[in-house]
Amino acid sequence: MERVWYKFYDEGVPHSIDYPGKPMKDYFNEWVAKSPDKPYLIWDDEQLTYDETNVMAQKIANAILSLGYEKGDRIALMSTNLPEYVILLQACYKIGAAIVPTNPMYTIPELTHQFSDSETSIVFVEDRFANKVIEIAKGDNSGIKNVIVLDSKTNAPVVTGSNVTYYADFINKGEAKEPNIPINSEDLAMLQYTGGTTGLAKGCMLSNANLEAIAWQDTVWFSPPYEKTTDMRIMAAMPLYHIYG
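Residues 1466 to 1710 (the numbering used here) are what the sequence shown spells out, left to right.
Hints are computed from structural coordinates only; laboratory data are not their basis. Mixed in with the good hints, there may be bad ones.
[Said to hold, decoys possible] Below, computed lysine to any residue pairings styled on SDA-like, alpha-carbon distance capped at 25 Å:
# : residue 1 : residue 2
1 : Lys-1638  : Leu-1506
2 : Lys-1603  : Ile-1573
3 : Lys-1487  : Tyr-1534
4 : Lys-1487  : Gln-1523
5 : Lys-1487  : Phe-1473
6 : Lys-1597  : His-1578
7 : Lys-1499  : Tyr-1534
8 : Lys-1536  : Lys-1503
9 : Lys-1487  : Lys-1472
Working from the sequences, and respecting the hints, build out all of it.
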């Protein structure tokens, strides 16, 4: 049966998609192999290629594993749109960790709920917001064991603590080697929390298959109207911790 909304699709957009059923890390690794020297991240006057980003993601992934974390463990990412955020996403995909995107503007009670509800014990946080996480980690019932601080290149105060490591030091603890961790499309990839407008925020479980479907839908939806011979560049204007980002 013809759906009424099909008539609003751009010409060339299919009505359905057959998904390959691959974990997210496979897609990135394929692009690294295909175009290692192509720019992957561009910010200010700097850029990282696919290969450079992959090496950093591998090192972060192995540094996380060296702390005893395993596939399925929750890892919170709490920052604005820094390049490290994207590198951390790829690192988590490589080890099958469940990413917990976290709004850095949240209050301590809101953060406490999200960390506790998701069973997060390691947080990668931008230096400007790190003191909130440090305060939570001091609590008797806190599960936060490791705080990795990202440099925002601002005048943020230096963060200290027995469980605190700066990103620049942390990344050097990992080996530039692809982690050998089997991941399938049904494995949990992300716990995306709701806005909590009608009560406490709830974690929505997104598998690798869910994220794969979103990526493919974006690809086929935008391809026909923006067909071009050169590579497209996409501006990350929305906060990456937001579901729309």
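Outcome of the hint check:
no.	hint	in the structure
1	Lys-1638 to Leu-1506	holds (23 Å)
2	Lys-1603 to Ile-1573	holds (12 Å)
3	Lys-1487 to Tyr-1534	holds (23 Å)
4	Lys-1487 to Gln-1523	holds (19 Å)
5	Lys-1487 to Phe-1473	violated (30 Å)
6	Lys-1597 to His-1578	holds (13 Å)
7	Lys-1499 to Tyr-1534	violated (30 Å)
8	Lys-1536 to Lys-1503	violated (30 Å)
9	Lys-1487 to Lys-1472	violated (31 Å)
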